[in-house]
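Asker: Read off the chains here:
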Amino acid sequence: MRIKHILLGYNKNKNGGEWMFKIFKKSFEKTYAPVENPPAPSASSKISTCLSENTFYIRTRCGDCFDIVIRNVDVSGTNGFFLLCDGMCDGLKVNNNVIEPILNSKELPQEPVQKFETIRDKIVGEVDIKELINVEDALEHAMSGFLVFFLEGVEKALAFSVQGFQTRSITDPITDVQSRGSREGFVEHFKTNITLIRRRMRTTDLRIEVQDMGTTTKTKICLCYLMDRVDGEVLSNVKSRLVRSEYDIVLASGNIQPLLDTDNPAIFSAVGVTERPDVFCAKIAEGKIGILVDGTPYAIYVPHVFTEEFQSFDDYANRPYYATFVRILKWFSFIFSIFLPGFYVSFGTFHQEVFPQDMLFQILSAELQTPFPIMLEAIIIHFIFEIMREAGLRMPKTVGPAVSIVGALVIGDAAVTAGLIATPMLIVVALTAVSSFVVPSIYEPVAILRFVFIIIGGTLGFYGIIILIALIVTNMCSVNPYGVPYTAPLLPLTPAATRDIILRLGWKHLGKRRLETTKMNN
Amino acid sequence: MGEKVKVSIEQIFVVMLLSRLFITLTDIPPIIGSMEVTDYLFRVLFFILLVFISAIPVYLTVKNDTNANILDRCVCISPIFGKVVAFIYGITFIYVIIATMARFDMFATSIIFPKTNFTGFLVIIILACMFAAILGIESISRSSTFIFVVFLVSFLAVVFSVYKKVDFLNFSPIFYNGAGSTIKAAFISMPRTFELAAVLMLMSKIKGNIKKGMTFWIIGMGLFQTVIIFLMVGVMGDYMKTQLIPAYTLSVVAEYGFLQRMDVLLTSTWILCVYIKVSVMIYLFKDCMKTLISDKYDNLYIIVSSIIVSVITLFLNPKAYSINYLLNPIIPLVLYSLTVIAIPCIVLISEKVKDVKNYEK
Amino acid sequence: MKSKLIKVVLLLFVICLLFTGCLTSTLGVEQTIVIQSVGIDFDFKKGEYEVTMQCFDLSNTSAKGEIQGGKNSKIITAKGKSVEQAIMNTSKITGENPIYSQNRVIILGESILKNGIDKGFDVFVRDYRTRSSTPVAVARNFKAGDIVKADEKGLTAFPANTLQHVLESGEINSLTTEVTVMEFVNLCQEKTSSAYIPALSLEKKDDGIYAKINGMGIINDQKLVGFLSSDETRAMLWVINKIESGTILLENSSIGIATLEISASKTKTETKITKDGLLQYNIKIDCSLDLMEVDFRKECALDEKEIITLESEASNYIEKEVEKVIKKCLNEYKSDPFRFGKRLWVKSPESYRHLNKEWDEFLPNIKTNVSAEVKIRRVGRYGVKE
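Residue numbers (this note's numbering), protein chains in the order written: chain A, 1 to 522; chain B, 1 to 361; chain C, 1 to 386.
Derived by calculation from the structure, the hints in this document are not laboratory data.
The C-beta atom is built at its ideal place from N, Cα and C for all residues, glycine as well.
Hints may contain errors.
Now the in silico label distances, taken between C-beta atoms and shown as ranges [unchecked claim]:
(1) B:L156 <-> A:D205: 45 to 51 Å
(2) A:M359 <-> C:I240: 54 to 60 Å
(3) C:E168 <-> A:F332: 32 to 38 Å
Below are the PhoX-like pairs computed for lysine-lysine, each with C-alpha atoms no more than 25 Å apart in a straight line [claimed, not checked]:
(4) A:K239 <-> A:K93
(5) C:K334 <-> B:K164
(6) C:K284 <-> B:K165
With the hints as extra help, turn the sequences into a complete structure.
Answerer: Pasting the structure below:
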């Protein structure tokens, strides 16, 4: 009995708990003893006049962090220390612009406060200086690449802007490719991004407000807008959404996108994303609010309407007739990418009369040889395409050619020759896949909706597809991000605004009246 | 949801136009008495006249830029009267939904979808309409503009591919057997225009000149009907009498060069008209229930009404002779007289008698 | 609470759907057979319909859709007590579900039409799967099944296409006109009118058997009463204003045998009740012809006098042909494919009310006044002599 109980881990312990596993539990606890939580920041983490108290506070908060460096110095007889984060500061600036002038200055007053003020106003002149009164602020600044200076007897600290961490240089934007736009894309460091914007909009109306988000990461978020064009209500709405967030970690603009997106369940996102500073500036010039997130090159802007997915920067650089042609191409590509497989499946399964005779013969003879019904075939082949697309996105570049060859062979010739997939279905997949990359910004909802349309087309036919289209359009019409209808200016129709939707009229017409998205309501 | 929403007059009347056109497109030509094919065309004229005349109480009742619909005004006159009126309107809208689904069922089982159990598809349409009603009148009216464009494209495609086949010899002499059957047919067709009751319910949500919009709507409805029936008669002649739904046959016959057999694409736009109509009616039923029971719940009424309609549709298993129930003119005539003529008249008279002026919320 | 309620409701909906058997029982595309042409005959001895269908033959293809030799169509025949049953009986052999949507032509045997159009044709009007725009034809002197089997040797990819083109050849030769199910039934439904239906026959050649146009069948009171020859058909088309193109051969013209091509033609028929109370139809034909061929002679160019003579000869020819065919239809067949009765109805409903019950007997009393105005617009490259 006892052995069985031992084997089964039977609970004989009156105190509860499985004694069989207590041994393991104890050893587990020993190895992975939870670290004692660091003391929470006290309400009064003010800088003390006593240096050792400040040092103690910093060491207690940061523990034995390798990169938090405290360098004690003697400033003309008064003790002080520099706090910095190793690797975040520019060594040359630190030495040449800050430490040397401070340590080598001869005419410093003896009184600590006066000494402090002299250093602040006269000694260090080539870098930006901030005055801090809180040790938490000082730590935050140090972790942002500032060099923080504490002086014995002074209840303040100085933060010198000497950031010199490695950032990516400005390169071509990867996702938003334009043939006539600039070759500069946003980078991870938000200050560089701000300069990219400021260089393009040298107006006093441009406002840039920086705030922190995320209780752990304290990521810098920049709100950019034009004072004379932005809608006050929209701005306060955006600000309140950002303020009331309870995010712990913010590492990308995609993390805060749900905060700014519509409250109603919607298929398409009402937040625009761009990697290009020129597009970003164009959007804020329309009265929108742009948001930069430190650590990611993707900026977002609100409010965003559906028809903007089909507008690109190149449209305004090209001649109107060509720009119109490209716009119409984009709309058709969108229709192909979302509807073509569903239409093909529904026509092939239920409504064969739509096909011309010769085409029907080809389709039937091809489909007859395959083991799966049309709907299943469509789902399989589209799923395989998504796998290949995802693999192509994530795989290392060295493996790329091999995977491409396998993919082309497997899906291309072998599947058809083996009789798994019919050739007409391959044509449909190929056209769908190529069309979906003409408007890459809405790829995600399109990819999912495609599958939904295939299933509906295969089960309910074309009539089911039509009902689904109506439902999707109704859902889009129910979304009003920041008071702007998502389907504006098509639904409700604003005739003046349609000059830049499917057609791109010449500048004579476009320049007539400035229309702001926030004012396109019922 | 969206109680303070104001929808533009154009959008609302596109909604009304689409929902009424569905009945025209799936209309069974009345073989009443000895009506000939051209009389079917003149029925439209009488129909428009009758609608104008019966809409006089509605014209007098609607007010522009108001926050109160007919139910609110009835409640101001007397709370009990308000509840009774809400009940009557609720029953009317439920009847309209059931009649629409039955008509659509007849259309679909006779003409399209040969082997699928179509009742399931009807439930799916009701489910879709339920979701649309939950999203609100603003979304429905905006999406109806898109649907109207699609409908117009298919309508024009039919017109341009078929107008060359019109043979004026297919028309019969006007009123060969007298105008009596035609007027009777118009009287049967008139009480299917429940959109007037919908206007009374929606007037608090419309911004713009409602009376002007209504006039344009009725004229537009007449024009569409005239064109469709003219083409039906001109192209098909007496063949029309053998067809259950001649408008469908017209879409079958519509060919233009290599674009043949496109009737699937053309008739699918008619299904969108059903979607709009049923969504609006479910939404209005919700408004009636809010007045009748309590205005705490929005979506619950929508869901309950959808379930009721789905269950009734499931049990109304279509048989060949159930079309007779559909064509029975008594029920719609009674409901139409109440909702479009009697109740607005009572409201107008009571407001004058009681001198109720302030019924705005 | 709200989300729970919504979940319960959705569950109820799903249950509703399951109870309805929403899952489609539509057979997959592999189990369908696509019909391209249908021929129906009636076997009087056995009292059953024989249906011959031409369908897609998908047996010689690969997944790539390449046709690996052989024909693309096959013939299936089946019998049944009704047409619909016969068509469904094909599934006994093939195991497949026939679909009509690509049907190009319906050929009715003479046996069907002599028996009465109401037997055997109803399925094409009533069934939701058939289409109103399908052309119809009658098989003359042959069985409908034989017409469907024409060109069975597979010289063309889809013989049904050839059949359809032959029926549409009226656009080129004006020896026939395309009559769809809709037009055919419309004519049958009219109380006084007679329907007409293109007639097809077979022609044997060295390399196969081909279908050809052979005039027009006339149907009165739902029964086939007779056929018109090719020339008579053309004359009939003149009356009903369905001439599009074609040739007229004047064998005894002043310049030998002249072939004239019809470039445009318009006919106006006017209904008139004379003072004596007689019914008269004034048929005015406006025709433009192009001179295509004459007997070759040294002076090829024609002069104005010759052209005017040719015009009057053509005009006389047309008037004669038209009067002949009207007389044949009205007197011999006692049929009204020209819709004279309908015209009377539209013009004078009261007169029609008296006459429509005895219309067939009244037909020979109808007077017609045919006048053809011919213009020769082009005489070819030789020009006109001054």
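Asker: For each hint, tell me whether it holds in the structure or not.
Answerer: Now the hints, each set against the structure:
Remark: the range hint 45 to 51 Å for L156 (chain B) to D205 (chain A) is upheld by a beta-carbon distance near 48 Å. Between M359 (chain A) and I240 (chain C) the beta carbon distance is about 36 Å. The supplied range of 54 to 60 Å is therefore violated. Judged by the Cβ atoms, the range 32 to 38 Å given for E168 (chain C) and F332 (chain A) holds: they are separated by roughly 33 Å. Annotation: proposed proximity of K239 (chain A) to K93 (chain A) is violated, straight-line Cα distance about 36 Å (limit 25 Å).
A hinted pair counts as satisfied when its Cα atoms are at most 25 Å apart, and K334 (chain C) with K164 (chain B) does not qualify at roughly 31 Å. With a C-alpha separation of about 22 Å, the suggested pair K284 (chain C) and K165 (chain B) falls inside the 25 Å cut-off, and the hint holds.
Of the numbered hints given earlier, the model fails hints 2, 4 and 5; all others are met.
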